[in-house]
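Residue-level listing of the chains:
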Amino acid sequence: GQQVMQIPQYQHVQEGEDFTTYCNSSTTLSNIQWYKQRPGGHPVFLIQLVKSGEVKKQKRLTFQFGEAKKNSSLHITATQTTDVGTYFCAGSHRLGQNFVFGPGTRLSVLP
Amino acid sequence: DGGITQSPKYLFRKEGQNVTLSCEQNLNHDAMYWYRQDPGQGLRLIYYSQIVNDFQKGDIAEGYSVSREKKESFPLTVTSAQKNPTAFYLCASSSLVAALSTDTQYFGPGTRLTVL
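Residue numbers (the numbering used here), protein chains in the order written: chain F, 1 to 111; chain W, 1001 to 1116.
These are calculated hints, taken from the structure and not from any lab test. Bear in mind the structure is a predicted one, so any value in this text is a computation, not a measurement. Do not rely on the hints blindly, as some may be mistaken.
[What the hints assert, rightly or not] Anything over 12 Å on all C-beta distances counts as not near chain F; from chain W, calculated:
id: 1; residue: Gln-1006
id: 2; residue: Pro-1008
id: 3; residue: Phe-1012
id: 4; residue: Val-1019
id: 5; residue: Asp-1054
id: 6; residue: Asp-1059
id: 7; residue: Ser-1067
id: 8; residue: Ser-1073
id: 9; residue: Thr-1077
id: 10; residue: Thr-1079
id: 11; residue: Lys-1083
id: 12; residue: Thr-1104
id: 13; residue: Gln-1105
[Unchecked claim] Keeping only pairs whose Cα atoms sit at most 20 Å apart, straight-line, the calculated SDA-like set for lysine to any residue is:
id: 14; chain 1: W; residue 1: Lys-1057; chain 2: F; residue 2: Asn-98
id: 15; chain 1: F; residue 1: Lys-36; chain 2: W; residue 2: Lys-1070
id: 16; chain 1: W; residue 1: Lys-1009; chain 2: F; residue 2: Leu-110
id: 17; chain 1: W; residue 1: Lys-1057; chain 2: F; residue 2: Arg-38
id: 18; chain 1: W; residue 1: Lys-1070; chain 2: W; residue 2: Glu-1024
id: 19; chain 1: W; residue 1: Lys-1009; chain 2: F; residue 2: Lys-70
id: 20; chain 1: W; residue 1: Lys-1009; chain 2: F; residue 2: Arg-94
id: 21; chain 1: F; residue 1: Lys-36; chain 2: W; residue 2: Ser-1022
id: 22; chain 1: F; residue 1: Lys-36; chain 2: W; residue 2: Lys-1057
id: 23; chain 1: W; residue 1: Lys-1009; chain 2: F; residue 2: Arg-38
id: 24; chain 1: F; residue 1: Lys-70; chain 2: F; residue 2: Arg-94
id: 25; chain 1: F; residue 1: Lys-59; chain 2: W; residue 2: Gln-1041
id: 26; chain 1: W; residue 1: Lys-1009; chain 2: F; residue 2: Tyr-10
id: 27; chain 1: F; residue 1: Lys-70; chain 2: W; residue 2: Glu-1024
id: 28; chain 1: F; residue 1: Lys-36; chain 2: F; residue 2: Leu-110
id: 29; chain 1: F; residue 1: Lys-56; chain 2: W; residue 2: Asp-1103
id: 30; chain 1: F; residue 1: Lys-56; chain 2: W; residue 2: Lys-1057
id: 31; chain 1: F; residue 1: Lys-36; chain 2: W; residue 2: Thr-1005
id: 32; chain 1: F; residue 1: Lys-51; chain 2: W; residue 2: Lys-1070
id: 33; chain 1: F; residue 1: Lys-36; chain 2: W; residue 2: Phe-1088
id: 34; chain 1: F; residue 1: Lys-51; chain 2: W; residue 2: Lys-1009
All residues carry an ideal CB built from backbone N, CA and C; glycine is no exception.
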């Protein structure tokens, strides 16, 4: 079936270091969303990417959608302890289909 | 105060019992979803509904049932046929029908179900 994969599964960084998580799909995506789930919490929507090669920024977060629309990345510059949590990508492979979530990348930030 | 509510936050049941998890939203969203999350894993879709009195199976519907009698409510029943019911259950809603696959999903706080 259609799968969405994410790497790494876990990432431990020192506060102030950068962090990147990668999302890959076995097939072309129509659009992709990113969510953040704090420990003990629920997923919260961050952003949606639709266009091939699209890049969007939210303060220290940069989101990219690959040219082939099969991969995406989330980059955090100068991590802070408030960035701790699990970051999920969710891809939709075509209109009429629901989103498929990746397994997530759990980020730990050491002060 | 708008949002999605799920209750209870923690739920314990004996093996072999059916249990119903509630999900209510006052966001006037058309679409509602149920996901299951296991430790260290992503979200897997159980059921979804785009309109009242209609719902569709997701990827892991076996052992679960839902109803959508009101726009605001989408309860999930975990039946005794579900072999591994212990998990974190998340309800979500979105304003556009799921077919457009473009709309943000808003998640409830979740219910952590433990079957003993």
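Status of the hints after comparison with the structure:
In this structure Gln-1006(W) is not separated from chain F by more than 12 Å, as the shortest Cβ-Cβ distance comes to only about 9 Å. Remark: the non-interface label on Pro-1008(W) is consistent with the geometry, its nearest Cβ contact in chain F lying 15 Å away (cut-off 12 Å). Every Cβ of chain F is farther than 12 Å from the Cβ of Phe-1012(W); the closest lies at roughly 18 Å, confirming the non-interface assignment. With a closest Cβ-Cβ approach of about 20 Å to chain F, Val-1019(W) is found to remain outside the 12 Å limit, as its non-interface label requires.
A cut-off of 12 Å between C-beta atoms confirms that Asp-1054(W) is not in contact with chain F; the least separation is 15 Å. The claim that Asp-1059(W) lies off the interface is violated: its Cβ sits roughly 8 Å from the closest Cβ of chain F, which falls inside the 12 Å cut-off. Ser-1067(W), annotated as away from the interface, keeps every beta carbon of chain F farther than 12 Å; the closest lies near 19 Å. No Cβ of chain F approaches the Cβ of Ser-1073(W) within 12 Å, the least distance being about 18 Å, so the stated non-interface status holds.
Every beta carbon of chain F lies more than 12 Å from that of Thr-1077(W), the smallest distance being close to 21 Å; the non-interface claim holds. Consistency note on Thr-1079(W): stated as away from chain F, and its beta-carbon is indeed over 12 Å from all of that chain's, at 22 Å minimum. Residue placement check: Lys-1083(W) keeps its beta carbon more than 12 Å from all beta carbons of chain F (closest about 20 Å). Not every Cβ of chain F is farther than 12 Å from the Cβ of Thr-1104(W); the closest lies at roughly 5 Å, contradicting the non-interface assignment.
Distance to chain F contradicts Gln-1105(W) as a non-interface residue, since its nearest Cβ pair spans about 7 Å, not more than 12 Å. Taking the CA atoms of Lys-1057(W) and Asn-98(F), the gap is about 11 Å. The hint holds against a cut of 20 Å. Straight-line distance between C-alpha atoms of Lys-36(F) and Lys-1070(W) comes to about 29 Å, which puts the hinted pair past the 20 Å bound. Under the criterion of a C-alpha separation no larger than 20 Å, the hint pairing Lys-1009(W) with Leu-110(F) is inconsistent with the structure, at around 29 Å.
Straight-line distance between C-alpha atoms of Lys-1057(W) and Arg-38(F) comes to about 28 Å, which puts the hinted pair past the 20 Å bound. Taking the CA atoms of Lys-1070(W) and Glu-1024(W), the gap is near 10 Å; set against the 20 Å cutoff, the hint holds. Distance restraint check for Lys-1009(W) and Lys-70(F): the Cα-Cα separation of roughly 36 Å exceeds the 20 Å cut-off, and the hinted pair is therefore not satisfied. Only pairs whose Cα atoms come within 20 Å are accepted, and Lys-1009(W) paired with Arg-94(F) is rejected, the gap being roughly 34 Å.
Straight-line distance between C-alpha atoms of Lys-36(F) and Ser-1022(W) comes to about 23 Å, which puts the hinted pair past the 20 Å bound. The suggested pairing of Lys-36(F) with Lys-1057(W) is violated, with an alpha-carbon distance near 25 Å, which exceeds 20 Å. For a cut-off of 20 Å, the pair hint linking Lys-1009(W) to Arg-38(F) stands: about 16 Å separates their Cα positions. Taking the CA atoms of Lys-70(F) and Arg-94(F), the gap is about 12 Å. The hint holds against a cut of 20 Å.
Note on Lys-59(F) and Gln-1041(W): the hinted pairing is violated, with a Cα-Cα distance of about 28 Å set against a maximum of 20 Å. A hinted pair counts as satisfied when its Cα atoms are at most 20 Å apart, and Lys-1009(W) with Tyr-10(F) does not qualify at roughly 26 Å. For the suggested pair Lys-70(F) and Glu-1024(W), the alpha carbons sit about 35 Å apart, so the restraint of at most 20 Å is broken. Distance hint between Lys-36(F) and Leu-110(F) is fulfilled; the C-alpha atoms sit about 18 Å from each other, no more than 20 Å.
The straight-line distance between the Cα atoms of Lys-56(F) and Asp-1103(W) is roughly 17 Å, inside the 20 Å bound, and the hint therefore holds. Using a Cα cut-off of 20 Å, the hinted pair Lys-56(F) and Lys-1057(W) is violated, with the two alpha carbons roughly 33 Å apart. Among the hinted pairs, Lys-36(F) with Thr-1005(W) is consistent with the structure: their alpha-carbon atoms are about 19 Å apart, no more than 20 Å. Using a Cα cut-off of 20 Å, the hinted pair Lys-51(F) and Lys-1070(W) is violated, with the two alpha carbons roughly 36 Å apart.
Distance hint between Lys-36(F) and Phe-1088(W) is fulfilled; the C-alpha atoms sit about 16 Å from each other, no more than 20 Å. As the CA atoms of Lys-51(F) and Lys-1009(W) are separated by approximately 38 Å, the hinted pair breaks the 20 Å bound.
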